[in-house]
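Residue strings, one per chain:
There are 2 protein chains.
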Amino acid sequence: MGLVVQKYGGSSVADAEGIKRVAKRIVEAKKNGHQVVVVVSAMGDTTDELIDLAEQVSPIPSGREFDMLLTAGERISMALLAMAIKNLGHEAQSFTGSQAGVITDSVHNKARIIDVTPGRIRESIDAGNIAIVAGFQGVSQDKKDITTLGRGGSDTTAVALAAALEAEVCEIYTDVDGVFTADPRVVKKARKIDWISFEDMLELASSGSKVLLHRCVEYARRYNIPIHVRSSFSGLRGTWVSNEPQGEQPMEQAIISGVAHDTSEAKITVVGVPDKPGEAAAIFRTISDSELNIDMVVQNVSAASTGLTDISFTLPKTDGHKAMEALTKARPTIGFDSLRYDDQIAKISLVGAGMRTNPGVTATFFEALSNAGVNIELISTSEIRISVVTRADDVKEAVRAVHSAFGLDSDSVEAVVYGGTGR
Amino acid sequence: MGLVVQKYGGSSVADAEGIKRVAKRIVEAKKNGHQVVVVVSAMGDTTDELIDLAEQVSPIPSGREFDMLLTAGERISMALLAMAIKNLGHEAQSFTGSQAGVITDSVHNKARIIDVTPGRIRESIDAGNIAIVAGFQGVSQDKKDITTLGRGGSDTTAVALAAALEAEVCEIYTDVDGVFTADPRVVKKARKIDWISFEDMLELASSGSKVLLHRCVEYARRYNIPIHVRSSFSGLRGTWVSNEPQGEQPMEQAIISGVAHDTSEAKITVVGVPDKPGEAAAIFRTISDSELNIDMVVQNVSAASTGLTDISFTLPKTDGHKAMEALTKARPTIGFDSLRYDDQIAKISLVGAGMRTNPGVTATFFEALSNAGVNIELISTSEIRISVVTRADDVKEAVRAVHSAFGLDSDSVEAVVYGGTGR
Numbered sequence: 001m002g003l004v005v006q007k008y009g010g011s012s013v014a015d016a017e018g019i020k021r022v023a024k025r026i027v028e029a030k031k032n033g034h035q036v037v038v039v040v041s042a043m044g045d046t047t048d049e050l051i052d053l054a055e056q057v058s059p060i061p062s063g064r065e066f067d068m069l070l071t072a073g074e075r076i077s078m079a080l081l082a083m084a085i086k087n088l089g090h091e092a093q094s095f096t097g098s099q100a101g102v103i104t105d106s107v108h109n110k111a112r113i114i115d116v117t118p119g120r121i122r123e124s125i126d127a128g129n130i131a132i133v134a135g136f137q138g139v140s141q142d143k144k145d146i147t148t149l150g151r152g153g154s155d156t157t158a159v160a161l162a163a164a165l166e167a168e169v170c171e172i173y174t175d176v177d178g179v180f181t182a183d184p185r186v187v188k189k190a191r192k193i194d195w196i197s198f199e200d201m202l203e204l205a206s207s208g209s210k211v212l213l214h215r216c217v218e219y220a221r222r223y224n225i226p227i228h229v230r231s232s233f234s235g236l237r238g239t240w241v242s243n244e245p246q247g248e249q250p251m252e253q254a255i256i257s258g259v260a261h262d263t264s265e266a267k268i269t270v271v272g273v274p275d276k277p278g279e280a281a282a283i284f285r286t287i288s289d290s291e292l293n294i295d296m297v298v299q300n301v302s303a304a305s306t307g308l309t310d311i312s313f314t315l316p317k318t319d320g321h322k323a324m325e326a327l328t329k330a331r332p333t334i335g336f337d338s339l340r341y342d343d344q345i346a347k348i349s350l351v352g353a354g355m356r357t358n359p360g361v362t363a364t365f366f367e368a369l370s371n372a373g374v375n376i377e378l379i380s381t382s383e384i385r386i387s388v389v390t391r392a393d394d395v396k397e398a399v400r401a402v403h404s405a406f407g408l409d410s411d412s413v414e415a416v417v418y419g420g421t422g423r
Numbered sequence: 001m002g003l004v005v006q007k008y009g010g011s012s013v014a015d016a017e018g019i020k021r022v023a024k025r026i027v028e029a030k031k032n033g034h035q036v037v038v039v040v041s042a043m044g045d046t047t048d049e050l051i052d053l054a055e056q057v058s059p060i061p062s063g064r065e066f067d068m069l070l071t072a073g074e075r076i077s078m079a080l081l082a083m084a085i086k087n088l089g090h091e092a093q094s095f096t097g098s099q100a101g102v103i104t105d106s107v108h109n110k111a112r113i114i115d116v117t118p119g120r121i122r123e124s125i126d127a128g129n130i131a132i133v134a135g136f137q138g139v140s141q142d143k144k145d146i147t148t149l150g151r152g153g154s155d156t157t158a159v160a161l162a163a164a165l166e167a168e169v170c171e172i173y174t175d176v177d178g179v180f181t182a183d184p185r186v187v188k189k190a191r192k193i194d195w196i197s198f199e200d201m202l203e204l205a206s207s208g209s210k211v212l213l214h215r216c217v218e219y220a221r222r223y224n225i226p227i228h229v230r231s232s233f234s235g236l237r238g239t240w241v242s243n244e245p246q247g248e249q250p251m252e253q254a255i256i257s258g259v260a261h262d263t264s265e266a267k268i269t270v271v272g273v274p275d276k277p278g279e280a281a282a283i284f285r286t287i288s289d290s291e292l293n294i295d296m297v298v299q300n301v302s303a304a305s306t307g308l309t310d311i312s313f314t315l316p317k318t319d320g321h322k323a324m325e326a327l328t329k330a331r332p333t334i335g336f337d338s339l340r341y342d343d344q345i346a347k348i349s350l351v352g353a354g355m356r357t358n359p360g361v362t363a364t365f366f367e368a369l370s371n372a373g374v375n376i377e378l379i380s381t382s383e384i385r386i387s388v389v390t391r392a393d394d395v396k397e398a399v400r401a402v403h404s405a406f407g408l409d410s411d412s413v414e415a416v417v418y419g420g421t422g423r
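From first to last, the protein sequence lines stand for chains A and B.
Here UniProt numbering is used: the first residue of the first sequence is 1, the next is one more, and so on.
Here UniProt numbering is used: the first residue of the second sequence is 1, the next is one more, and so on.
Don't take each hint at face value.
With a Cα cut of at most 30 angstroms, we get these calculated DSS-like pairs of lysine-lysine [said to hold, decoys possible]:
| id | chain 1 | residue 1 | chain 2 | residue 2 |
| --- | --- | --- | --- | --- |
| 1 | A | Lys210 | A | Lys396 |
| 2 | B | Lys276 | B | Lys322 |
| 3 | A | Lys31 | B | Lys144 |
| 4 | A | Lys110 | B | Lys144 |
| 5 | B | Lys144 | A | Lys30 |
| 6 | B | Lys110 | A | Lys20 |
| 7 | A | Lys20 | B | Lys143 |
| 8 | B | Lys20 | A | Lys110 |
| 9 | B | Lys30 | A | Lys144 |
| 10 | A | Lys24 | B | Lys144 |
| 11 | A | Lys322 | A | Lys276 |
| 12 | A | Lys143 | B | Lys317 |
| 13 | A | Lys188 | A | Lys322 |
| 14 | A | Lys322 | A | Lys110 |
| 15 | B | Lys110 | B | Lys210 |
| 16 | A | Lys143 | B | Lys276 |
| 17 | B | Lys110 | B | Lys276 |
| 18 | B | Lys396 | B | Lys317 |
| 19 | A | Lys143 | B | Lys396 |
Listing some non-contacts, in silico: residues in chain A with all C-beta distances to chain B over 12 angstroms [said to hold, decoys possible]:
| id | residue |
| --- | --- |
| 20 | Lys20 |
| 21 | Pro61 |
| 22 | Pro274 |
FRET-style restraints, in silico, Cβ to Cβ [as the list claims (entries may be wrong)]:
| id | chain 1 | residue 1 | chain 2 | residue 2 | range |
| --- | --- | --- | --- | --- | --- |
| 23 | A | Ser234 | B | Asp52 | 51 to 61 angstroms |
| 24 | A | Glu28 | B | Gln299 | 56 to 66 angstroms |
| 25 | B | Lys24 | A | Pro316 | 36 to 46 angstroms |
| 26 | A | Lys143 | B | Leu88 | 17 to 27 angstroms |
| 27 | B | Gly33 | A | Gly335 | 48 to 58 angstroms |
| 28 | B | Gly33 | A | Lys143 | 37 to 47 angstroms |
| 29 | B | Glu377 | A | Lys24 | 46 to 56 angstroms |
| 30 | A | Asp343 | B | Lys24 | 33 to 43 angstroms |
Bear in mind the hints are in silico, worked out from the structure with no lab data behind them.
From the three backbone atoms N, C-alpha and C, an ideal C-beta is built for every residue, glycine too.
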């Protein structure tokens, strides 16, 4: 019985009852002989309430102070959780990110972990305590200022601590039963995945699956820390994410892991670009100079008659305005006809390492969409993923059709709640 | 123009509006050419809400975790205050007690400051920033755990920082205009005191005046830091507490500084104590072994016929039950007849260094009470204070009578709000 890192999200510790329930589960792991380190997020709506207060005093809050403010959230939840555990007769100590040795760079609101020096945590668990660590936060290496890790930060804290402490597993407790073959809110017959490789999980995460964030899975893959995503409301096995199949039910890797969708992106089309070297580069240099991230990029064959081509790309809707502005400004230099902006799109992705050796996958995918009457606007593929852009209105239809076509539908409809705070 | 430490209590920063108002006042001091260090308490009811949460998860919260929890309160207010100042175009940085170098012992919930090493604060203000420091909190010297300073802790933080930074003055902003000659809720004609010596302020504080706590005044006296108690709602001069009269209106020290009252104590009478050496010692050893603090102690002359005497003492009501239990248990050993417990009492104290050389003060005091028909149950005096215990019902009558008798009544009724979070 080794060391286990458990992470509980904000919805699992939303109120005193939730905290007491989580405390019981933690104590169980301890009773089973594990050393236990727990990473916890802020309670339910705390973060939103703090953001609301910040907006009341300042329209553009300073990064340093915003981080100082937000980290109060985990301070509350971790202290309460430690109290609840002690109330069950077990020893517990809470630690801030700084006390736990989570060292980051100085980029406030989205700091990256540089190093983890968990000396105090090791000391605490070796003395028989359960250690409770604030997720989402760290301390900057140079200035010793409090930082936060941005969206999904608590998951990253958990995986980083698991790596530094050489834990057996990092358990991510959430309000769903695991990772599903599709979003269960859209596909009623979506199945819980028992095991998925890091590689496929990375593709799902970057294709719109919100259970685990890309960054956290990447960290786990680099340090080879198995992640077990499971519900804090049930005792069921969830989804293992690792290099090799794990747990009581080892399985062959499926050809297809799942179908993800994403409606948070917009599409920009640059119309009438001269088809000559350097044009695409000029366009994407303009975008990257504005510090915007783009996702899919597609260029069609140019029409022979005009020597002009169109370049389309997708990016987060929230960056759409900024990108249009930058491109409009650069138009005289780059030389294109016009810009088209479209935020009524959806991206549907099929992910699975098995498609490498199964040439029929692409055909089946397109047939399924076509049979469902869904029009495809853009296509982009990697070795283990196919993504298409469709109308936003078609997204549910499209996901269900693809899910069915690849035999992913379960026999029964599973009852799941889907959500989470994203912290 | 030197360095000023300003402290704002929870009622001054109860909401976003309050924070913005306080930010303006801080910026004014900065514009006037001062280096400014601000100590801030938790917003309004935050502390009570956190205590309520703690009680929901654990009936007896651990001291270490309770401190971790409560310190979230100042983290929120200080970050918001720094944001609000930056929004006014001035640079501000917030610091936790630990970052500000407030080093304490390890007694959780009521830690004492051992040392202040404000290197980061000095650096921040020398770089032109306004430094915002969390009141009420520190870090323990040996274990590096987060501690809190207990009731009135933020005032103590402010005075300790003022001493370590060699500030010109420590301004304590509150929701009253200063220290009054009596509680204005009881005596409508109470006057604001322009200047009071450390010595008299210490006696007032230990006699029930709640504007400044004993501990904070003691600290200020030891390091000779002038305190200016004033309202955060007005720009008026408040009360200066210092060795020598200060400010634009230096004054002679009055014979009497003020009248304080306290209804938070109970009286225990040990009846029928054998009048022989060692009996009183045995009683008070019993009390101190239970870690209870007592206030007034009075022993009457014993009745010659019985050789028995009564010993009475007062102590906080909250400790009453524990003291009665300890004494009851010790009765067989000590040997007394019975115990009487009375929590319907009030203590009225007259404070003023001038009474040392004015022999008539005591007589005037007792005459005033007698004329008001107030019965005296216990009397205790120091060189600059007379305290009596009366029925709780008589307290207002008694305070008003004494206030009047010593010519403390002002000509006009001052409009004041009286309250405060005591943190």
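(message) To test your reading of the hints: which numbers does this structure violate?
(response) 12, 13, 16, 17, 19, 20, 21, 23 and 28
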